[in-house]
Amino acid sequence: MSDTDDVLLSVKNVVKYFPVQASGLLGRSKEFVHAVDDVSFEVRRGETLGLVGETGCGKSTLARCIMRLYDLTSGTITFDGKDISSLSVRQMRPFRRDMQMIFQDPYGSLNPRRRVGSIIGDPFAIHGIADGKERKRRVQEVMELVGLNPEHYNRFPAEFSGGQRQRIGVARALALRPKLIVCDEPVSALDVSIQAQIINLLADLQDELDLTYIFIAHDLSVVRHVSDRVAVMYLGKVAELGEVEGVYAHARHPYSAALLSAIPLPDPASAAERERIILVGDVPSPIAPPSGCRFHPRCPKAKDRCVQEDPDLVPRLDDIETHVAACHFPVADGENIADSTPELSADKRIVEEGLVGNV
Amino acid sequence: MALLEVEDLHVSFRTPDGVLQAVRGLNFKVEEGKTLGIVGESGSGKSVSTQTIMGLTRGARVSGTARFQGDDLLAMSSRQLQGIRGAKVGMIFQDPLSSLHPYYRVGWQIVEMIRSHDKHVSRQQARTRAIDLLRMVGIPQPDQRVHDFPHQFSGGMRQRAMIAMAMSLNPILLIADEPTTALDVTVQAQVLLVMKRLQEEFGTAIVMITHDLGVIAEMADEVVVMYAGKVMEHGDRNTIFYEQHNPYTEGLLLSLPAYGGERERLVPIPGQPPSLITLPEGCPFRPRCPYAFDKCVEEPTPIEVGRATHTSACWLPTDTRRRKKLRQEVLAAEALPAEAK
Numbered sequence: 219m220s221d222t223d224d225v226l227l228s229v230k231n232v233v234k235y236f237p238v239q240a241s242g243l244l245g246r247s248k249e250f251v252h253a254v255d256d257v258s259f260e261v262r263r264g265e266t267l268g269l270v271g272e273t274g275c276g277k278s279t280l281a282r283c284i285m286r287l288y289d290l291t292s293g294t295i296t297f298d299g300k301d302i303s304s305l306s307v308r309q310m311r312p313f314r315r316d317m318q319m320i321f322q323d324p325y326g327s328l329n330p331r332r333r334v335g336s337i338i339g340d341p342f343a344i345h346g347i348a349d350g351k352e353r354k355r356r357v358q359e360v361m362e363l364v365g366l367n368p369e370h371y372n373r374f375p376a377e378f379s380g381g382q383r384q385r386i387g388v389a390r391a392l393a394l395r396p397k398l399i400v401c402d403e404p405v406s407a408l409d410v411s412i413q414a415q416i417i418n419l420l421a422d423l424q425d426e427l428d429l430t431y432i433f434i435a436h437d438l439s440v441v442r443h444v445s446d447r448v449a450v451m452y453l454g455k456v457a458e459l460g461e462v463e464g465v466y467a468h469a470r471h472p473y474s475a476a477l478l479s480a481i482p483l484p485d486p487a488s489a490a491e492r493e494r495i496i497l498v499g500d501v502p503s504p505i506a507p508p509s510g511c512r513f514h515p516r517c518p519k520a521k522d523r524c525v526q527e528d529p530d531l532v533p534r535l536d537d538i539e540t541h542v543a544a545c546h547f548p549v550a551d552g553e554n555i556a557d558s559t560p561e562l563s564a565d566k567r568i569v570e571e572g573l574v575g576n577v
Numbered sequence: 011m012a013l014l015e016v017e018d019l020h021v022s023f024r025t026p027d028g029v030l031q032a033v034r035g036l037n038f039k040v041e042e043g044k045t046l047g048i049v050g051e052s053g054s055g056k057s058v059s060t061q062t063i064m065g066l067t068r069g070a071r072v073s074g075t076a077r078f079q080g081d082d083l084l085a086m087s088s089r090q091l092q093g094i095r096g097a098k099v100g101m102i103f104q105d106p107l108s109s110l111h112p113y114y115r116v117g118w119q120i121v122e123m124i125r126s127h128d129k130h131v132s133r134q135q136a137r138t139r140a141i142d143l144l145r146m147v148g149i150p151q152p153d154q155r156v157h158d159f160p161h162q163f164s165g166g167m168r169q170r171a172m173i174a175m176a177m178s179l180n181p182i183l184l185i186a187d188e189p190t191t192a193l194d195v196t197v198q199a200q201v202l203l204v205m206k207r208l209q210e211e212f213g214t215a216i217v218m219i220t221h222d223l224g225v226i227a228e229m230a231d232e233v234v235v236m237y238a239g240k241v242m243e244h245g246d247r248n249t250i251f252y253e254q255h256n257p258y259t260e261g262l263l264l265s266l267p268a269y270g271g272e273r274e275r276l277v278p279i280p281g282q283p284p285s286l287i288t289l290p291e292g293c294p295f296r297p298r299c300p301y302a303f304d305k306c307v308e309e310p311t312p313i314e315v316g317r318a319t320h321t322s323a324c325w326l327p328t329d330t331r332r333r334k335k336l337r338q339e340v341l342a343a344e345a346l347p348a349e350a351k
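Protein chains in written order, with my numbering: chain A, 219 to 577; chain B, 11 to 351.
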């Protein structure tokens with residue numbers, strides 16, 4: 219793919235299953251939620267990889283696996299050339315300086331009873347890097363960096379607005395100048411006018427500090443804006459992966475195509491023009507995911523092969539090597555799949571009378 | 011006569027910190043069979059206003075009128091309002107899980123809804139109707155799923171069940187408060203499609219409250235843009251998206267990432283919305299507005315821009331050419347410090 223020196227993070231065949239609480243007589247669990255199932259990709263230094271997908275697709279679980287907040291069921295995670303997939307909590311500690319996380323909820327992720335200065339100072343305290351006056355100086359420095367007033371060092375989170383709180387979260391993540399920041403829905407709880415402030419801030423910081431981001435979001439316009447490459451996930455697997463322009467303009471996987479066509483566009487003329495692909499049904503249970511291609515019960519292009527054979531994540535049609543999709547029957551440029559009917563017997567797919575076709 | 015006509019609605023709440031002015035002089039009309047979009051950020055008063063109209067705000071000081079088919083809803087007794095809520099005006103909220111009772115089966119809740127407004131309907135008839143409604147909103151195997159509990163439905167199905175319930179008495183008006191905000195995009199597309207279909211079939215008018223300009227672009231005929239309890243701009247959909255007058259509307263649209271084309275740096279609105287307890291003098295958007303000038307310390311009244319159906323509460327010239335020139339000047343001034351950096 220690229221120089222190994224260039225790769226900051228490599229995720230290989232990562233699997234994460236969660237046991238389901240058994241209600242049986244012996245209380246032993248035989249069922250598992252297949253949250254992340256054989257996911258592989260690389261993140262290069264200085265780039266932003268967008269991770270999109272809907273509720274339950276495994277994007278947040280994957281992020282927590284990368285951060286080693288969860289133990290992997292199997293697979294390898296290599297960070298900065300070192301395999302971190304089976305390190306203990308103690309062994310992980312030095313790596314945590316270099317990988318940080320920003321969370322969605324600027325209210326829930328900050329302790330309301332602690333002062334901002336001490337929240338942002340935590341990383342310094344935990345890693346024993348600076349204390350006393352030196353810590354305060356460095357905290358104020360990072361506060362300034364994210365656009366907070368350093369004089370507000372002694373305030374409580376409640377004294378800040380949602381957008382400013384998210385800046386506190388960013389400051390905390392930045393305190394130790396990490397190499398990688400995993401942003402889990404960092405702007406989805408914010409109002410649009412504030413959202414843009416935080417997105418610009420993250421972009422500026424990336425330029426200034428050479429950061430690498432994994433940016434998880436369900437808002438596809440935001441992901442397009444911030445990412446260099448994007449991975450579309452469905453039910454624990456990567457459905458499509460590639461440069462943003464390629465994936466957005468030439469979505470090969472019918473799921474990516476449907477997802478992209480569903481974005482509500484803030485532009486009435488283009489909204490009226492485009493063909494929407496309305497998917498039937500809901501995401502199936504990750505406890506017993508469908509056989510073959512996991513998308514087949516909802517896919518407008520599904521054929522028998524999709525039920526039997528799990529498609530590989532490889533370049534499709536004439537795509538460049540770096541644009542890969544896991545689909546046997548990829549969507550061609552200009553192909554309209556809104557009106558296709560699957561060549562599958564009804565018992566193998568989801569049928570909903572009320573939702574066929576477009577208005 | 012419009013179906014719903016809200017005039018000079020004021021809503022305020024007493025809080026320990028002072029009086030919170032949630033809505034300050036709201037005017038709008040909803041025509042039969044049309045969709046009115048109300049867009050605004052948190053705290054703009056968009057939800058409070060419709061909740062007040064339906065008699066769902068407690069402890070608020072309310073003034074103004076809200077004529078529904080000619081009768082003022084704000085002057086009605088709670089009993090009279092109960093007869094209208096559900097029967098003539100259906101309501102859908104953001105979170106379907108907290109709007110459905112977890113203890114009762116979905117079908118039972120719809121049956122109850124139908125029978126509480128019309129005692130002449132038998133339980134059996136109501137149940138058949140409930141199944142039809144669930145089928146209409148695209149729930150698979152409605153004759154079986156009617157016996158499910160809300161937790162057995164997925165998020166999208168719950169919201170569709172809510173719509174089914176709101177539509178169960180063929181209301182003439184549907185108030186949808188952020189109906190798709192909690193849903194994933196593909197599910198959102200399903201729900202919006204269902205709403206459009208129902209509107210086409212039954213001619214229901216819709217008031218769509220949302221912060222999502224994409225949803226507005228897709229659904230609304232007319233748009234009201236609210237900020238700090240006031241209507242900043244009001245016009246038909248295309249006017250709001252393509253010929254907006256108000257700097258707040260412009261700011262909202264500019265702060266969104268473009269879906270196609272070049273990925274340019276976003277243009278956020280600086281600062282944050284004002285506190286509703288200590289509002290700034292004059293125009294509430296003044297502290298964040300790039301165009302603000304001396305006159306803005308006076309409260310602007312909505313003026314007609316170009317045509318009678320387009321109003322904007324702003325002192326900027328209504329002449330488009332003069333406004334465009336101003337915009338260029340402002341953009342040029344903003345670009346300077348960034349380069350100096």
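In case anyone wonders, no lab produced these hints; they're calculated from the structure. None of the values given here were measured: they were computed from a predicted structure. Idealized CB from N, CA, C, for every residue including glycine. Treat the hints with care, since some could be wrong.
Mimicking SDA-like on lysine to any residue, the simulated pairs with C-alpha atoms at most 25 angstroms apart in a straight line are [to be verified]: (1) B:Lys335 to A:Tyr235; (2) B:Lys206 to A:Tyr235; (3) B:Lys334 to A:Tyr235; (4) B:Lys44 to A:Pro486; (5) A:Lys566 to B:Gln154; (6) A:Lys300 to A:Glu377; (7) A:Lys248 to B:Lys44; (8) B:Lys206 to A:Asp437; (9) B:Lys129 to B:Ser164.
Label-pair ranges, simulated between beta-carbon atoms [unchecked claim]: (10) A:Asp528 to B:Phe159: 28 to 38 angstroms; (11) A:Glu249 to B:Phe159: 37 to 47 angstroms; (12) B:Gly213 to A:Ser336: 23 to 33 angstroms; (13) A:Asp422 to B:Asn248: 53 to 63 angstroms; (14) A:Thr294 to B:Asp153: 26 to 36 angstroms.
Given the hint of 26 to 36 angstroms, check if A:Thr294 and B:Asp153 actually sit that far apart at their C-beta atoms.
-> Given about 50 angstroms between the Cβ atoms, the range is violated.
Range hint compliance [Cβ, A:Asp528 to B:Phe159, 28 to 38 angstroms] | 34 angstroms, holds
Given the hint that B:Lys206 pairs with A:Asp437, test it: the Cα-Cα distance must not exceed 25 angstroms.
-> Holds, because 23 angstroms separates the two Cα atoms, which is no more than 25 angstroms.
Straight-line alpha-carbon gap B:Lys44 to A:Pro486, limit 25 angstroms = 16 angstroms, holds
Taking 25 angstroms as the top limit, are the C-alpha atoms of A:Lys300 and A:Glu377 close enough?
-> 41 angstroms, violated
Take the C-alpha atoms of B:Lys335 and A:Tyr235, compute the straight-line distance between them, and say whether it is at most 25 angstroms.
-> Violated, at roughly 59 angstroms.
Hint consistency between A:Lys248 and B:Lys44 [alpha-carbon to alpha-carbon, up to 25 angstroms] = 53 angstroms, violated
Straight-line alpha-carbon gap B:Lys334 to A:Tyr235, limit 25 angstroms = 57 angstroms, violated
Is A:Lys566 close enough to B:Gln154, meaning Cα to Cα at most 25 angstroms?
-> Holds - the C-alpha atoms of B:Gln154 and A:Lys566 are around 19 angstroms apart, at most 25 angstroms.
Note whether the CB distance of A:Asp422 and B:Asn248 lies within 53 to 63 angstroms or breaks it.
-> 35 angstroms, violated
For the pair we were handed, B:Lys206 and A:Tyr235, check the Cα-Cα distance against 25 angstroms.
-> 40 angstroms, violated
Range hint 23 to 33 angstroms: satisfied by the CB atoms of B:Gly213 and A:Ser336?
-> 59 angstroms, violated
In the structure shown, a violation is registered for the earlier hints numbered 1, 2, 3, 6, 7, 9, 11, 12, 13 and 14, in ascending order.
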